Amino acid sequence: MEDYYESHKGQVEWQDGDYTVTRTTVWSGPGCHDGCGVLYYTKDGKLEKVEGDPDCAYNQGTLCMRCLEMPEAVNNPRRPTRPLKRVGERGENKWEGITWDEAYDIIEAKVRSIWDEYAPESIACMIGTGRANCWQVPYLCYSAFGSPNFCLGFLSGESCFQPRSAAMASMNGDFLIADCSQQFEKRYDTENTEWRVPEIIVNWGCNAVASNSDNFYGGWIVDCMQRGTKLITVDPSLTWLAARSEVWLRLRPGTDGALALAMLNVIIEEDLWDHDFVENWCYGFDELAERVKEWTPERSAEICWVEADTIRAAARRYAEAKPAAIQWGLPIDQAVMGIPTAQAINALWAITGNTDVPGGNIIIRNAFDQNVSYNYGYNNLPAEVQAKRIGAEYPLMSKAGFSSTAHSDSILQAIETGEPYPIRMLWLTSTNPIANMASDAPRVFRAVKTVDFVVVNDLFLTPTAVAFADIFLPAAMSPERDMQRVWWVPLRGMKKVVQYAEAKSDDTVVTELGKRLHPENFPWDDDKGWTDNILRTETPGYDGGYDDLCNRDVWVYPDFEYRKYEKGLLRPDGQPGFNTPTGRVELYNSVFSLWGYDPLPDWAEPSCSPYASPELYEEYPFVLTTGARSFEFFHSEHRQPELTSRELHPDPLFEMSAKSAAELGLHEGDWCWLENQRGRCRQKLHVNPSLDDRVVRAEHGWWFPEREAAEPSLYGVFDSNINNLLPQCENGVTGYGAPYKNQLCKVYLCTEENSETLPSLHVTKMGGYSK
Amino acid sequence: MANALLIDYEFCTGCHACEVACKKHLGLPQGQFGIKLLQDGPRELEGGGWEYNYLPMPTSLCDLCAPRIAEGKDAACVHHCPAHAMRFGPADEIAAAAAEKGRRAMFVPTV
Amino acid sequence: MTTNALLIDYEFCTGCHACEVACKKHLGLPQGQFGIKLLQDGPRELEGGGWEYNYLPMPTSLCDMCAPRIAEGKDAACVHHCPAHAMRFGPADEIAAAAAEKGRRAMFVPTV
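Residue numbers (the numbering used here), protein chains in the order written: chain A, 1095 to 1865; chain B, 12 to 122; chain C, 1184 to 1295.
Hint data in this document are derived by calculation from the structure and do not stem from the laboratory. Wrong hints could be hidden among the right ones.
[As the list claims (entries may be wrong)] Taking lysine-lysine and the DSS-like style, the derived pairs with C-alpha atoms no more than 27 angstroms apart in a straight line are:
(1) A:Lys1590 x A:Lys1204
(2) A:Lys1188 x B:Lys112
(3) A:Lys1778 x A:Lys1753
(4) A:Lys1543 x A:Lys1179
(5) A:Lys1143 x B:Lys84
(6) A:Lys1143 x A:Lys1590
(7) A:Lys1188 x A:Lys1609
(8) A:Lys1103 x A:Lys1590
(9) A:Lys1482 x A:Lys1609
(10) A:Lys1590 x A:Lys1140
(11) A:Lys1280 x A:Lys1589
(12) C:Lys1207 x B:Lys84
(13) A:Lys1140 x A:Lys1622
(14) A:Lys1590 x B:Lys84
(15) B:Lys112 x A:Lys1103
(16) A:Lys1543 x A:Lys1137
(17) A:Lys1103 x A:Lys1324
(18) A:Lys1590 x A:Lys1609
(19) A:Lys1859 x A:Lys1103
(20) A:Lys1609 x A:Lys1179
(21) A:Lys1324 x B:Lys112
(22) A:Lys1589 x B:Lys84
(23) C:Lys1257 x B:Lys84
(24) C:Lys1207 x B:Lys112
(25) A:Lys1416 x A:Lys1280
(26) A:Lys1137 x A:Lys1188
(27) C:Lys1208 x C:Lys1257
(28) B:Lys112 x A:Lys1416
(29) A:Lys1179 x A:Lys1204
(30) C:Lys1207 x A:Lys1753
(31) A:Lys1188 x A:Lys1324
(32) A:Lys1204 x A:Lys1188
(33) A:Lys1859 x A:Lys1137
(34) B:Lys112 x A:Lys1137
(35) A:Lys1204 x A:Lys1482
(36) C:Lys1257 x B:Lys112
(37) B:Lys84 x A:Lys1140
(38) A:Lys1622 x A:Lys1609
None of these values were measured; they are calculated from a predicted model.
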């Protein structure tokens, strides 16, 4: 029997019985932060099946459940078929179907009236995390609306990769990722690449097999394990990876920085650092050594709830392994001390000589130097408009160019106070803040209700759409769009294989609207034209356009070099060294120093914690952490009951230890209230025997598309919403970081008496929570 | 020779991809499975460390992907396993592979 | 082939826990610890009628393949006590051949 995939090698489209098979790539939504190679099976204009493409080095034919179930989302009966105009009050879920031209007419008129009566900067645009519209919507904001105010959808402290990005960029002049050979199309073929199996991979606050975060496919860690890699895992819960780790550090949520500082202390005190790399390529080692002197394992052990000897064991194992890689996750960002924590962890791989070496943490740039992201089109704004970006007081975020954005929390405050100027219009594409990103969901609910005009452009009618949208625009899903996407490597083409009703791709919507408002900034005809333009003008290393990428190459890997700092490949002047002011990895961050920030890593207690707020802890005796990912969901996506995701994971789950559950008389499957001084929500108990008795983990992103859409239900979005319990606008001094993962709560059983007023009613009709 | 399915449960992460790939292959509705993920643990071991394993188990609906195999494809679960923890083939080859290392299981759903 | 393997005929495993307990006794395990753990799929009603309902005992990391018992000329404790005669222990090649004789059988190789 001839191998089926061999027989179709090199083809981008073929027939398989009644099916047309198309080789392309995917990107959310629906989906995640990865862009796997897939084979779409379509018949009579309908997507019937999705399979992983064995030819694609990224996922090597494998695929996770969210893409395997994609037809359930694409063909979902709940998808709106055409643009909608609100006819009732906001929250009543009353709509009138209109044409795209009617929708554009309304939006254009509104934008022009804001331009005339206020200023372009009174329009803010937001998206969800890691999606396939991370340059289209910024471009719309800057180049069509003329506003500098683009950010992620009320993501407090921009705490999703951006704090780590900003720390890395300022310390190294570049971004670094754990090296699992993903930059090579030949992957694990060590005879033909310089890649080496990491001796140790540290899973730091990242359960990559479930999260597949930031263009890192979790299966790669398992691939490395099968080739000999050993693991160290830092996580409050025993993940599957933690169970297979030589060292599991079960730290108290929010104390990652203290742990990293103690590991630095051990490595420096015990002389386990790489003298050659530090002396030749680092700046500020002595200052770092002085700073971490006080961070003994004993001190951090008390803070982190991890044995001092376990911290020592992890530090020694990591420092002595050659090479070793750190794969980190969102808990770093989702703390007020996010930036200093990222500095500390970055210092770990730097001083152990793991920077840009095979199997270490490698310096990576977007394939073929394509740099269209959150800043795409920003230069079309006059300098005086750029200067008005909300959050300008945070230069690291708003000015430095490290995937800079406006400051979400400050935009929320601008909506609430009119300072520094009012926000009159919100454009929300594929973001569902009150279900997901808004750390204080009730507060954002109340604020956005006051914005004059809100456009929601999404896959489904979400709680956000029902609560706020004046105009709803149905967005195309992955198999319905022609576009390109790059995040590190490879450069990927995406090909449209089906059309759903009147849904349009982000590229199409932004182009069509942009042409009405600022045609000079939109010289291309359509989505394919825009893709072609980006490939030909913004992707200097790639020799081709739309057709070449989407209909021939599908994905392309650039060449990759290790130890680029030795070869003069990092700096614009072509000299060896890093692209930083000192030309070295800045353990002492000279850019931070210039802006008045602490140039060295540090750590401080979260404001709500057993030690910082003992009186609160007495009433709310559990440390609450949120946001851990499950296999079934990408944040607030995949909640439609028709999806296999909901079949396998029907209810919101929170976890506590068996001992704590027993003490409270609670049992597996009990619906419970989680409550603190801010608010409450209800989730179902899953006993997790691996948790510290003092820790509770709760899920995020829950809404219930099967429940009533109109308020007060609003798809039940507040009923199980852990963001009833979280604060907003509590950030680090840089503006980055927010305490999503380190709060306090108490837990009690749901009864009829205590469940009379559900949170959705309490928030939508009674002005409840976060007062 | 019967065909068999190898699971390397040292590396199965419990991601559900095999379950969903199989559902799509067999066209199964909600609540039905051709392969079902089972779980042992997490359970703390007296001597330190944790027992925590996943094991996908073929059900009575598993057709051993006969139509896919006939087309020169691999079994749907094996093809999509992100951890490369599964393999399908003649029972003797799978048995030999199973005996190469520990924490492996071989299933013979039907003969 | 010197590797040993464990055969489970899950067509006949009743979920009686005898293997779990026999193994606990053999290994001297306290409460909460297992050398073989009973997993369960179902009961789940099948669309085409009937029910999916299977048990599958899975050896854990504590399984010592009953090396001391085997050395004494005994069978593995779980196999010995299985009331359904649904288990068998032996050289992997023999077990593999037995597994391939009929469906709904699984072979485990806990260690090599």
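Hint-by-hint comparison with the structure:
1. A:Lys1590 x A:Lys1204: Violated. Lys1590 of chain A to Lys1204 of chain A sits at ~31 angstroms, over the 27 angstroms cutoff.
2. A:Lys1188 x B:Lys112: violated (61 angstroms)
3. A:Lys1778 x A:Lys1753: Judged against 27 angstroms, a Cα distance of about 17 angstroms means the pair holds.
4. A:Lys1543 x A:Lys1179: holds (16 angstroms)
5. A:Lys1143 x B:Lys84: holds (15 angstroms)
6. A:Lys1143 x A:Lys1590: holds (15 angstroms)
7. A:Lys1188 x A:Lys1609: violated (30 angstroms)
8. A:Lys1103 x A:Lys1590: holds (20 angstroms)
9. A:Lys1482 x A:Lys1609: holds (24 angstroms)
10. A:Lys1590 x A:Lys1140: Satisfied, since the Cα-Cα distance of roughly 12 angstroms is no more than 27 angstroms.
11. A:Lys1280 x A:Lys1589: Holds, because 24 angstroms separates the two Cα atoms, which is no more than 27 angstroms.
12. C:Lys1207 x B:Lys84: violated (43 angstroms)
13. A:Lys1140 x A:Lys1622: Judged against 27 angstroms, a Cα distance of about 21 angstroms means the pair holds.
14. A:Lys1590 x B:Lys84: Holds, at roughly 25 angstroms.
15. B:Lys112 x A:Lys1103: violated (33 angstroms)
16. A:Lys1543 x A:Lys1137: Cα-Cα ~43 angstroms, so violated.
17. A:Lys1103 x A:Lys1324: violated (35 angstroms)
18. A:Lys1590 x A:Lys1609: Holds, at about 22 angstroms.
19. A:Lys1859 x A:Lys1103: Given that 27 angstroms is the threshold and the Cα spacing comes to 59 angstroms, the pair is violated.
20. A:Lys1609 x A:Lys1179: With Cα atoms ~22 angstroms apart, Lys1609 of chain A and Lys1179 of chain A stay inside 27 angstroms; holds.
21. A:Lys1324 x B:Lys112: holds (17 angstroms)
22. A:Lys1589 x B:Lys84: This hinted pair holds, its Cα atoms lying about 24 angstroms apart.
23. C:Lys1257 x B:Lys84: violated (44 angstroms)
24. C:Lys1207 x B:Lys112: holds (24 angstroms)
25. A:Lys1416 x A:Lys1280: At roughly 22 angstroms apart (the allowed maximum being 27 angstroms), Lys1280 of chain A and Lys1416 of chain A satisfy the hint.
26. A:Lys1137 x A:Lys1188: violated (34 angstroms)
27. C:Lys1208 x C:Lys1257: Judged against 27 angstroms, a Cα distance of about 15 angstroms means the pair holds.
28. B:Lys112 x A:Lys1416: Roughly 26 angstroms separates the two Cα atoms, so the pair holds.
29. A:Lys1179 x A:Lys1204: holds (14 angstroms)
30. C:Lys1207 x A:Lys1753: Holds. Lys1207 of chain C to Lys1753 of chain A sits at ~24 angstroms (cutoff 27 angstroms).
31. A:Lys1188 x A:Lys1324: violated (56 angstroms)
32. A:Lys1204 x A:Lys1188: Judged against 27 angstroms, a Cα distance of about 21 angstroms means the pair holds.
33. A:Lys1859 x A:Lys1137: violated (47 angstroms)
34. B:Lys112 x A:Lys1137: The hint is violated at about 43 angstroms.
35. A:Lys1204 x A:Lys1482: Judged against 27 angstroms, a Cα distance of about 21 angstroms means the pair holds.
36. C:Lys1257 x B:Lys112: holds (24 angstroms)
37. B:Lys84 x A:Lys1140: With Cα atoms ~23 angstroms apart, Lys84 of chain B and Lys1140 of chain A stay inside 27 angstroms; holds.
38. A:Lys1622 x A:Lys1609: holds (15 angstroms)
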